[in-house]
Amino acid sequence: MLKTLRLTLAIICFLLVTLLFLDFTGTAHTWLGWLAKIQFLPALLALNVGIIIGLIILTLLFGRVYCSVICPLGVFQDAASWLSQRMKKKRKFSFSLAISWLRYGMLILCTAAFIFGVGPLVALLDPYGAYGRMANNLLQPVYQGMNNILAYFAERIDSYTFYSTDIWVKSSITLLIAIATFLIVGILAWRNGRTYCNTICPVGTVLGFLSRFSLFRLTFDTEKCTKCGLCTRSCKASCIDSKNMVVDYSRCVSCFNCIEKCKFGAIGYISRYPGKEGKVVSISTTETEDKKGISRIKFLSIAGLFTFTNVIKAQQLLRVDGGLADIEDKKMPDRKVPIVPPGAQSLKKFNRHCTACQLCVSICPNNILHPSGKLSTLMQPEMSYEQGYCRPECTECSQVCPTGAIRPVTPADKSALSIGQAIWIKDNCVVNKDELQCSACERHCPTSAITLIAINSDDKNSLKYPAVNKDLCIGCGSCEYYCPARPFSAIYVEGNVRHHSV
Amino acid sequence: MIMEKKDRKEFNRRNFLKIVGVGSVTSATTLIGCKPDNRVSVEGGSIGEVPTDRMTYRTNPNTGDVVSLLGYGCMRLPLRQKTDGSGEEVDQETVNELVDYAIEHGVNYFDTAPIYVRGWSEAATGIALKRHPRESFFVATKSSRSNTLESGIAMYHKSMQDLQVDYLDYYLLHSIGSSIEDFHKRFIDNKLLDFLLKEREVGRIRNLGWSFHGIVDVFDYVLAMDVQWDFCQIQLNYQDWKYATGRNVNAEYLYGELVKRNVPAIIMEPLLGGRLARVPQQALNMMNEIHLEDSAAKWAFRYAGTPEHVLTVLSGMVYMEHLQENIRTYSPLEPLNEQEYETLEQVTEILVNSDYIQCTECQYCMPCPYGLDIPGVFAHYNRCVSAGKMLKSSNDENYKNARRDFLVGYDRSIPKLRQADHCIECNECLSRCPQQIRIPEEMSRVDQYAEQLKQRLEF
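If you're matching them up, the sequences are chains A and B in order. Quick note on the numbering used here: the first sequence kicks off at 4 and runs consecutively. Quick note on the numbering used here: the second sequence kicks off at -7 and runs consecutively.
Be aware that one or more of the hints could be misleading.
What the hints assert, rightly or not - Pairs of lysine to aspartate or glutamate, EDC-like flavour, derived with a Cα cap of 20 Å:
#, chain 1, residue 1, chain 2, residue 2
1, B, 392, A, 389
2, B, 392, A, 396
3, A, 467, B, 389
4, B, 122, B, 209
As the list claims (entries may be wrong) - Pulled from the structure, derived: some chain B residues nowhere near chain A, Cβ distances all over 10 Å:
#, residue
5, 170
6, 215
7, 311
8, 328
9, 382
10, 385
11, 393
Source of the hints: derived by calculation from the structure; they are not laboratory data. We put the beta carbon where it would ideally sit given N, CA and C, even for glycine.
Use the sequences and the hints to build the structure in full.
Here it is, written out as C-alpha cells:
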C-alpha cells in the first residue's frame, strides 16, 4: 500500500521532471516548472524559505520521502537497481555500516565550495543538477530526434503540428561529465542501490540527519520478527540490521520495500509517539505484485551533427544563375567576460547560485545558452551568439531557473537590461573587407544603439561603418548573429560583470 | 503421382480463380459499358492519353519554320544530389526522358542559355537532343552578360560546342532592356552584333532575335533599328498584358508593336514563375465555374497561345506531369473566347490587388553572395498569399494558425541562415532582377512580417 503510493508518486514526479528537460517548446515549464523549484539545493540557493521549511517539515514528519519521490536522481537509481534485479534474480542487498566520515566530509566540502564560491563543485554534487545534465545531454537529443522524425512526416502531409529542431553538442565537457555521472551513479545503483545517496550526496546527508528525528519511521515489532533477514536483503539503502532489529534512520529513504517483503508483518511505519489506541496500524502488504514498472529507457547515440562545408568554389569567369552560396560556420569569439542571461544580475551572483542543472540550456529556443568549459564556471551556462541571439520576446531561461541564479524578468525589463557591450572589429567588417555597404547590425539592433557613419563625410555615396552607442547597447547579440563576416563576426558582445539598466 | 495430383489441383484452382476474375472483370466492364463515354485507361487516367499528333504549330514567316506552340524552356532542369554527396548535378536521365517524351508528342522548340542552371543547361540539353535527328528540333540559345567581342564570340562557340550542333536555329541577344547605353556597350560598340549578323548570313544562325526585360525606350529603339529581326522574346501572360510590374512593359504594347512589324513573338513567363498556376482560391473558383476540370495553368497557357503572332510559348518543365498537361493544353490549342477573356480580367484584378512579390523564381539573382535563398523566401511568402494565410492584423480570426503555418513553413522551406533576416542590403542582386524587384526592400518587408509574428506584436 505505502510502497504503491510511493512508487506511483515517484514515477509521476520522475517522468514530469524529465519532461521538463526534454521539452524544447517551452510549454511544459508553464505547468511543471514548480517541480524544479521544489528541489532541495535549488530552493536553498534561491533562498526559497517556504520550500526549504516545507521540505524540512516533510522530512521531520515522514523521513526521507524527498529522496524516494521528489529527487529525480534518486528515482533514477531506483530504476537502475530495479533493472539490475530483473536481470539477475539472485542479487540481494545486505546491511552495512554508515561511512560517516565520507558523508559528512562531502557535506563539508560542498558547503565550503559554496562559501568560497567554487560553483562547479557544488554543481557537480547537486543531485538534481546531475540528473538535469544527464537528461539534457543524453535524453534530449533522442527526444528531439523523435520529434524531428514526426516533423519529417508532418511536413509530408502538410501538417504544421511538429517542427524540426537542431540537435547539437552544446559543450563536449559537460557531455562527458553527464556520461560519467550516468555511468558512476548508474553502476553504483546497479550493484548496491542507494550507495550514492548515502555516501556522497550532500542533500542526502542533510536530510538523513533530519530524518533521524522523523515522526513516522520504520519500527520492528520484536514479537513478530523472526530475524529471517528478508528485510535486510530487500533494503536498497543497506540500513536495516535485522539481527539487532535496528534501522539506521539517517540512511532510510522511506521506500517501504521492507514492509512489503516482510512475511510476518513485523515492520511497521509508525509514529514514534504511540497514540492512545496503542500501536498505529502497521501496514503490511504481501498481495501486491510488481505493477507497471518504469519503462525501459534507451539511450541512443546523438544523432548526426550539422556540418557545413567551408569550401568556397573557385569563381567561374562567367557568372551563372542559380545555386546557393556556401555559408561558413561561425566560430565563438574569445570573450574576456562571459555573457550570462538577463536576470542573472551579476556574474558573481550567477556563478554562486547556479547548480548547472541545464534546465535553461534545455529550454533556450534560440540555441544561445550552452555550458561553460572553463574550470571556474564549469558546466554553468553562458551565452554565445553563433546560432541565434537573445530574442526580445523570450524570457524562458529566467522563468525556469529553480535556483534564482537567473531571476524572473519580463520582456519589457529585458529590453532595457544591459548584459553586455557590442564591440566592432574593423578588420572583419565586410564594409572594410569587401568594400560594399552592409546594414545588418544597424537594422537588427532592437535599441537602435548602432548608427552607420560615413567614412568620408564629404562624399554622399561614401561607405558607412557602424558605430555603437554604449549607453543604449543591451548586449542581446543580434548584431553579432546577423553579421555576415565569417567565421568570426565583425561585431561581437563582451559580457558585463554586473548587469545594469540602460 | 502425388506431385502431379497436387500440381493439377493447384493448376485447377489457379485456373478457376482466373476464370472467376476474368468473368467478374468482364461483367463489370459490361456494366460500366452502359455509359459510352467513360475513358478510364491505365496510361492516361480519367483524362485520357496524351495525344502525340495533335499539337498546334505556328509558322515562322521569315524562315518557314513550323514550330510547336509549346516550347521547352531549359532554364529549370531537374537536379539531383551527386552520389558522393559533394553537391548537386543535373539529373541527365530525367532530362533525356522529358526531352524524348516532348519530341515524341510534337514539341520541337528548345530554349536554353549559357548561364542557365548554374551554367549546366546547354550541355545537358545538348546531350538529350543529340539523341534525336538534327532536323527534328529547333534549338535556341543566347548571348548572355558579355561585354567584349572576344568573350561574346567565345560564348557563341562554346554554346555550339556544348549543344553539340554546328548551327543554331534561334540566337538571342539575352535580356536587353536595362538601358540603351547598356545595349550599345554589349552589342554595338564592340561590334558583336555585326559578327552575329555575319553568322546569320552564312547560315550558322538561322534566326536572330532578342529577349526583352526592362524599359520601353530600349524596346522601341532596338525594334526600330535597321536590322531585320527574325523574332523577339517577350514576357506575356494575362497579368502582364495590362498590369506589368516593376520596370516591365505591358505585354499589350510589346505584342502590338511586334505585330505591326510582323516580328513573331516568343513568349516567356506564361505562368509568371508559377504564380499563375497557384492563384488565390477566389480566383480559382471563378475559373472553375466555367471549366470545372481545367487547372489555372491551363488557362494561362491558353491565354499565352491564343494570339496568332505567337510562335511558341516557353515553359520550364521539370516534372512529367507538367509536360503532359501542357502538351494536352496545346494538342490542339482551344483559343480563348470572349467570356473566358472577361473571366481572366477579373482574375487579374484579384491578382494585382493581392500582396504578391512579383518574383518569377528565374534565379538570375542567385547565388546571393551572403547565402540567402532569395527566390525561396519570396516563394514561401507568395505561397502564403495564395493560400490566403497572410494576416492583415493580429486580431484576425485565424491569427494562431496562420502565424504557426507561416513560421513553421518558413523554417521548413528555407534554412535559418538563408532567410530574409540575413540580408545585409549590399544591393548586389538589384541589377540582376529582370522583374526589377527591389529585393533588399522586399526582404526587409518579409522579415518585418516574420518578426511581427515571432514577437507576437500587435499590428
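Earlier hints that do not hold, by number: Hints 1, 3, 4 and 11 contradicted; others consistent.
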